[in-house]
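Two chains, each in its own frame: build the complex with the hints.
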Amino acid sequence: MVFGRSKRGGTTAPAEPVTLKILVAGGFGVGKTTLVGSVSEIKPLRTEELLTEASLPVDSLKGVEAKSTTTVAMDFGRITINDGLVLYLFGTPGQDRFWFLWDELATGALGAVVLADTRRLENSFAAIDYFERRGIPFTVAVNCFDDAERYPAETIREALDLDGAIPVMLCDARVRESARDVLISVVEHAMRNAARAPADM
Amino acid sequence: MTDRWFDEAAGPVVRPYAMTRGRTRSGAKDAQLDLIALVIAEKAGEPEPDGATGSGLLPEEEDKLLADHSLVPEHLDIVALCRSAPLSVAEVAAELDLPVGVVRVLIGDLVEAELVRVTRPVPPAELPDESILREVINGLRAL
Ligand SMILES: Nc1nc2c(ncn2[C@@H]2O[C@H](COP(=O)(O)OP(=O)(O)OP(=O)(O)O)[C@@H](O)[C@H]2O)c(=O)[nH]1
Ligand SMILES: [Mg+2]
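Taken in order, these protein sequences are the chains called A and B. So in the numbering used here the end of the first sequence lands on 229, straight run, no missing numbers. So in the numbering used here the end of the second sequence lands on 324, straight run, no missing numbers.
Extracted from the complex, chain B is given alone in its bound form (with noise of 0.2 Å):
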């Protein structure tokens, strides 16, 4: 296994990283997650039945997580933080307290397993309609 701890590209693998195996990139073939994409749990809107284990997680996301054995303690924490509500991938790894490339291997991985998506953001050298920046001014104002 020690020689796992190695990737090519990276060099050492400082420890959070162990918890995505050394990946510094995630398998996912989108662009790096924006630090305001919005992770959704697939089954958001879905509420736990009842003799719900308590973990925040339905049966079946459970199930799915526990069955595939390169998921780690982390990825059902972020399955069960954003089944509530979207949240953004900053606000996911301040939550569980992990570094951001980190947090961003895991939701890759989680995409992948399609458990969550993920929102796209504005796209770079693109501005929001003027509608939307009047509706944020408008909300500003009503601070």
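Only chain A is shown next, with the shape it has when bound in the complex (with noise of 0.2 Å):
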């Protein structure tokens, strides 16, 4: 399979550098910067997509148009696991009436994290639909909030009515190592998909 090369297939040119990315997402505070911050080799970037942009659907811009500077911040971070291959996480923005940044940013990746809070699990749903319906392989990372009550991974998964195969783990995102953990078994998952599904991934 020949990807992440340019695609004038150039005959002397070195190697590109592969690169590849996860989403973090999750309803809004739950930590998704926290655990993009403390995982990547780089302070957590900015960046900003104008909704004025001709590439929007134009029903996501009633409402806007009149407000022409609105902008949506997404903050990624940066893993280079090696010469030729480097990780990028993005952080999705929280905010629904964004689903069309989603789709830009859910495009070629992964896989995902959905950050849930057991306080709010509700605001976990949306993500979960999302990445279910478009058959991303994600994980759902429970973080794991100081005054927040603690529930064993099976009952959160009985609650978000999860298929089993999905990977439920709890987390502290401020944690580089368990940030770590969460994203290795959300590669760990999206393998044993591609196995399951080979030929219509």
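Some hints here could point you the wrong way.
One side only, chain B facing chain A, incomplete, derived with CB under 10 Å [what the hints assert, rightly or not]:
1) 236
2) 237
3) 240
4) 245
5) 274
6) 302
7) 313
8) 317
9) 320
Here are the computed distance ranges between Cβ atoms for each label pair [what the hints assert, rightly or not]:
10) A:69 to B:248: 48 to 56 Å
11) A:176 to B:310: 34 to 42 Å
12) A:223 to B:236: 44 to 52 Å
13) A:192 to B:278: 42 to 50 Å
14) B:250 to A:70: 31 to 39 Å
15) B:295 to A:192: 24 to 32 Å
16) B:227 to A:180: 15 to 23 Å
17) B:261 to A:186: 50 to 58 Å
Honestly, the hints are just simulated from the structure, not real lab data. Where a beta carbon is used, it is the ideal one built from N, C-alpha and C, also for glycine.
Here's what the structure looks like:
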């Protein structure tokens, strides 16, 4: 399989690094930026997308056309695996009306993390639905805030009505090892999915 | 010039798009550049000669950029940024503090001018090889 290379298939150009991305989704204030920051080798960077772009679906512009300077911020981090492989992490914008940005982010994504907070589990429903519908492999990671009650992963799986194959784990988004383990779970899950449906993934 | 401030498709042009002369799409025929597409200066491997101007650009790159009056200083910034190492579209946007849409158009111009090229990340609906996924897992474990 050839990918991540220049389309020209140049003859002498050195091999270009392959880039991959994992999305970090979840409700408002659930710890997305914190998780990206704790594993990223760079301080999370911020990009902005202007909502006046012609590429937007017409519907998504309703109600914002008057405010021509509306922007959506996305933050992202980077993990260089080696010279030839770089993993980017993107925190998705939380607001539902920015779905169209998710579509762009989700295109070609290796997988996703859905961060959840047991005090507001319902805030992760939208992200779960989104990735389920698109067949994007994801892990649900419950960010253990200090003042939130702890539940076993299986209780959370039931509460979220998740398929048994979807990994559910507890994490602390502030801790590098914990955030790293969540990412490993996503990639392992993506690998299992690929093995199960090799033809039409 | 005022009529140029409107693009039939886009409606009123917000200020950052002034530097793309109101264009919200790049001229390049390529599909929309992915956020993780890498931007690589065409002359990336070549060291700056002695007496370089300190702009981070090769003299020939600078000549080309300055000769083309449709190019703006931000085009130069992008080429200079990507000369030392490939950078993703998202990183270029963050570094220059410009909206992604604007940066895409500018990069498209530079591709047409053959000053940079861009990699194509994994196409949608396709997962990378299992060997690559294993490499990612091992890399993460080593963090
Ligand atoms: N106790 C505790 N606090 C956390 C944890 N993760 C994040 N926080 C705190 O929760 C707050 C919100 O975290 P962010 O990472 O900004 O959340 P976010 O999902 O990026 O938020 P938005 O982008 O605004 O939706 C911050 O004050 C963090 O310090 C955690 O695991 N435990
Ligand atoms: Mg955030």
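List of violated hint numbers, smallest to largest: 1, 2, 3, 4, 10, 15, 16
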